[in-house]
Amino acid sequence: MTATNPIADWLLECTEANSNTWTQIGEKREVRESGYETTYKNADSWLYANFLQWCSRANKTPLAIRRFRELLIQTCVTLKISVLESRRSTGIGLTGIRIKKRD
Numbered sequence: 001m002t003a004t005n006p007i008a009d010w011l012l013e014c015t016e017a018n019s020n021t022w023t024q025i026g027e028k029r030e031v032r033e034s035g036y037e038t039t040y041k042n043a044d045s046w047l048y049a050n051f052l053q054w055c056s057r058a059n060k061t062p063l064a065i066r067r068f069r070e071l072l073i074q075t076c077v078t079l080k081i082s083v084l085e086s087r088r089s090t091g092i093g094l095t096g097i098r099i100k101k102r103d
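Under full-length UniProt numbering, the first residue of the sequence shown carries the number 1, and numbering increases by one thereafter.
Possibly wrong hints are sitting among the right ones.
[Said to hold, decoys possible] Computed spacing ranges between beta-carbons, pair by pair:
1. T4 <-> G35: 31 to 41 angstroms
2. D44 <-> I73: 16 to 26 angstroms
3. K60 <-> R32: 18 to 28 angstroms
4. K80 <-> E33: 33 to 43 angstroms
5. K80 <-> S34: 40 to 50 angstroms
6. E13 <-> K41: 17 to 27 angstroms
Honestly, the hints are just simulated from the structure, not real lab data.
All C-beta atoms, glycine included, are put in the ideal place defined by N, C-alpha and C.
Sequences and hints are given; from them, build the entire structure.
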């Protein structure tokens, strides 16, 4: 599955299941500095920004946010990760997964 679905790769590498955590899907906010790789604001806390950062580093083609959201939920179901999409004042997010903490 991971060979044809970059979201599955990213999910397994960069996220972990956590039924008590709501994580914002977020949006694409590029941070460009001359001579450095493009980074994404809130990549340590937003799912979409983290996915974009991972795509950049893994040399994968990123998905548009709408397609990302759809495939993310479908892939979680396939991988038996229980998630629930909900809207809060800060935006849309998922309860059930979070971004792994970097050591």
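Hints, verified against the model:
no.: 1; hint: T4 <-> G35: 31 to 41 angstroms; result: 35 angstroms, holds
no.: 2; hint: D44 <-> I73: 16 to 26 angstroms; result: 22 angstroms, holds
no.: 3; hint: K60 <-> R32: 18 to 28 angstroms; result: 19 angstroms, holds
no.: 4; hint: K80 <-> E33: 33 to 43 angstroms; result: 40 angstroms, holds
no.: 5; hint: K80 <-> S34: 40 to 50 angstroms; result: 44 angstroms, holds
no.: 6; hint: E13 <-> K41: 17 to 27 angstroms; result: 21 angstroms, holds
Every hint from the earlier list agrees with this structure, and none is contradicted.
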